[in-house]
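Dock chains B, Z and P against the given chain F, drawing on the hints supplied.
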Amino acid sequence: MNVKIKTFGISRDILGGREVAIDLSGTSVGDLRKQLNSQFPELIKLNSLFIAVNLEYASDEVLIQEKDEIALIPPVSGG
Amino acid sequence: MNVKIKTFGISRDILGGREVAIDLSGTSVGDLRKQLNSQFPELIKLNSLFIAVNLEYASDEVLIQEKDEIALIPPVSGG
Amino acid sequence: MIALTHKPIEVQKVIQAATADAAGAVTTFIGTVRNQTAGKNVVRLEYEAYEPMAVSEIQKIIAQARERWALTGWAVEHRTGVLLPGEIAVVVSVSTPHRKDSFTACQYVIDQLKETVPIWKREFFDDGDQWVSAHP
Amino acid sequence: MIALTHKPIEVQKVIQAATADAAGAVTTFIGTVRNQTAGKNVVRLEYEAYEPMAVSEIQKIIAQARERWALTGWAVEHRTGVLLPGEIAVVVSVSTPHRKDSFTACQYVIDQLKETVPIWKREFFDDGDQWVSAHP
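Chains as they are written, first to last, in the working numbering: chain F, 1 to 79; chain B, 1 to 79; chain Z, 1 to 136; chain P, 1 to 136.
Keep in mind that the hints are not guaranteed to be accurate.
[Said to hold, decoys possible] Simulated DEER-style distance windows between Cβ atoms:
(1) B/Asp60 with P/Arg66: 41 to 51 Å
(2) Z/Asp21 with P/Ser56: 32 to 42 Å
(3) P/Arg66 with Z/Ala38: 17 to 27 Å
(4) Z/Gly86 with P/Asp129: 42 to 52 Å
[Claimed, not checked] Listed next, the in silico BS3-like pairs over lysine-lysine satisfying Cα-Cα at most 30 Å (straight line):
(5) Z/Lys114 with B/Lys6
(6) P/Lys7 with Z/Lys60
(7) P/Lys40 with F/Lys45
(8) F/Lys6 with F/Lys45
(9) F/Lys45 with P/Lys114
(10) P/Lys60 with P/Lys13
(11) P/Lys40 with P/Lys7
(12) F/Lys34 with F/Lys6
(13) F/Lys34 with F/Lys67
(14) Z/Lys7 with B/Lys6
(15) Z/Lys13 with P/Lys114
(16) Z/Lys114 with Z/Lys13
(17) Z/Lys60 with Z/Lys13
(18) B/Lys45 with Z/Lys40
(19) P/Lys40 with Z/Lys100
(20) P/Lys100 with Z/Lys60
(21) P/Lys60 with P/Lys7
(22) F/Lys34 with P/Lys114
(23) P/Lys60 with Z/Lys100
[Stated by the list, open to error] Going by beta-carbon spacing under 8 Å, a handful of chain F positions derived as facing chain P:
(24) Phe8
(25) Leu55
(26) Ile73
(27) Pro74
(28) Val76
(29) Gly78
These are calculated hints, taken from the structure and not from any lab test. Cβ atoms here follow ideal geometry from the backbone N, Cα and C, with glycine treated the same way.
Isolated chain F (complex conformation) (with noise of 0.2 Å):
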């Protein structure tokens, strides 16, 4: 499944783009989450990392439709 990921953050300079493409091949955010560490080892040294799909956090056991807006959610700072 083609997935396109927002990025924000540190996470954009990390995956390097504002939005990426990745062929996901499971279909949780756990999956998707496996994938991003494996493929962009510098996601893991984060004090965090959030999943967001369409505007709302979710959680590891969450299903992804290709249709999905999906963005990740390094540690936050606004304020």
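Just chains B, Z and P now, with coordinates in the frame of chain F:
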């Protein structure tokens, strides 16, 4: 000793003037308090009544000089 | 800046006076005249201050706050005279390097102000008036 | 009012948006860019937001605050883009009938905002830059 008492808030209504002259028979803030309570018993019904001498809250032991600036401080309600 | 004023308080000026380059946080409290007290319509208020003592008591509160927290700036302005519902009675603004201190210090200043500063509020209703807090 | 903006934040407008006739208390937090971080000179900052999700997360925080406290008004505005030291990054303003709630609720909103809202800050120093909080 003749002292002038500045009044504020409800104490002005009770004493009937912005500045009221009192012929103080004692020498301390406590003496003044007793005399005022006796002369204006409505003061006793207040939640509290502090007496300020020269812009400072004064305890009953503080001695009064004729030239001191004396003020009645009924319960404050600023803010 | 510590001030009593008969004129409407300009919030922006008070905040400006409390702001500092070294501050990362500015907390500002604005006390406004409510249109109701205990279910009764407030028509207007009158604030009266023992002005020199009020300024000196606010100065003491600021000095205490500066002992406890690393204030980079502060400003307190209190209105006196006649106020209508919706109008601003008091503004307290405090700046600190860190966020939590700015909240704690600002709240300390307004809490103490209400306890110790010789300012009195008279509420006028449709059918009478009262000096607030005077009686049990 | 909940907004992200590339333009300088007008504090007075944010406070105005949070103010209500039934309120007696308005607490406003202003977060400004400090000129130092851990002893290093900050030259400038850049804030980036995942805008639709940031707005939706702030809406959730306000909804939580409204469940806990009797808010009469609220407004949150966060700046994005390049900011210089002294500029305002965020303003949170909350009004309530009573004073203590306005402090507690305002602090809750800014505390939660810093925890959950997808906004990122990059600090630029004389000799480099960093995404704040990214690494241990």
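Going down the list of hints, with the structure as the test:
For the pair B/Asp60 and P/Arg66, the beta carbons lie near 49 Å from each other, so the given range of 41 to 51 Å is met. Look at Z/Asp21 against P/Ser56: about 34 Å separates their beta carbons, and that is inside 32 to 42 Å. The hint said 17 to 27 Å for the Cβ distance between P/Arg66 and Z/Ala38, and at roughly 24 Å that hint holds. Between Z/Gly86 and P/Asp129 the beta carbon distance is about 46 Å. The supplied range of 42 to 52 Å therefore holds.
Using a Cα cut-off of 30 Å, the hinted pair Z/Lys114 and B/Lys6 holds, with the two alpha carbons roughly 21 Å apart. The suggested pairing of P/Lys7 with Z/Lys60 is violated, with an alpha-carbon distance near 39 Å, which exceeds 30 Å. For the suggested pair P/Lys40 and F/Lys45, the alpha carbons sit about 24 Å apart, so the restraint of at most 30 Å is met. Between F/Lys6 and F/Lys45 the CA atoms are separated by roughly 19 Å; this keeps the pair inside 30 Å, and the hint holds.
Annotation: proposed proximity of F/Lys45 to P/Lys114 holds, straight-line Cα distance about 21 Å (limit 30 Å). Between P/Lys60 and P/Lys13 the CA atoms are separated by roughly 22 Å; this keeps the pair inside 30 Å, and the hint holds. In summary, the hint linking P/Lys40 to P/Lys7 is supported, as the alpha carbons are separated by about 26 Å, within the 30 Å threshold. For the given pair, F/Lys34 sits about 17 Å from F/Lys6 by alpha-carbon distance, which is consistent with the 30 Å threshold.
Between F/Lys34 and F/Lys67, the direct Cα distance comes to roughly 20 Å. Compliance with the 30 Å bound is thereby established for this hinted pair. A C-alpha spacing of about 24 Å is found between Z/Lys7 and B/Lys6, which places the hinted pair at or below 30 Å, so the restraint holds. Between the alpha carbons of Z/Lys13 and P/Lys114 the distance comes to roughly 28 Å, so the proposed pair stays at or under 30 Å and holds. With a CA separation close to 22 Å, the supplied pair Z/Lys114 and Z/Lys13 stays within the 30 Å bound.
Among the hinted pairs, Z/Lys60 with Z/Lys13 is consistent with the structure: their alpha-carbon atoms are about 22 Å apart, no more than 30 Å. With a CA separation close to 24 Å, the supplied pair B/Lys45 and Z/Lys40 stays within the 30 Å bound. For the suggested pair P/Lys40 and Z/Lys100, the alpha carbons sit about 22 Å apart, so the restraint of at most 30 Å is met. Note on P/Lys100 and Z/Lys60: the hinted pairing holds, with a Cα-Cα distance of about 22 Å set against a maximum of 30 Å.
As the CA atoms of P/Lys60 and P/Lys7 are separated by approximately 24 Å, the hinted pair is consistent with the 30 Å bound. Straight-line distance between C-alpha atoms of F/Lys34 and P/Lys114 comes to about 27 Å, which keeps the hinted pair within the 30 Å bound. Proximity of P/Lys60 to Z/Lys100 is assessed by CA-CA distance (about 22 Å); at most 30 Å being required, the pair is judged to hold. The restraint placing F/Phe8 at the interface with chain P holds, with a minimum CB-CB distance near 5 Å, inside the 8 Å limit.
The beta carbon of F/Leu55 is positioned within 8 Å of a beta carbon in chain P (closest approach about 4 Å), and the interface hint is therefore held. For F/Ile73, the shortest C-beta to C-beta distance to chain P is roughly 5 Å, which falls under 8 Å, so the interface hint holds. Look at F/Pro74: its Cβ gets to within about 6 Å of chain P, closer than 8 Å, so that hint holds up. At a threshold of 8 Å, the smallest CB-CB gap from F/Val76 to chain P is about 6 Å, leaving the interface hint in force.
Contact between F/Gly78 and chain P, as hinted, is supported at the beta carbon level, the nearest pair being about 3 Å apart and thus within 8 Å.
Hint compliance for this structure: hint 6 alone is broken.
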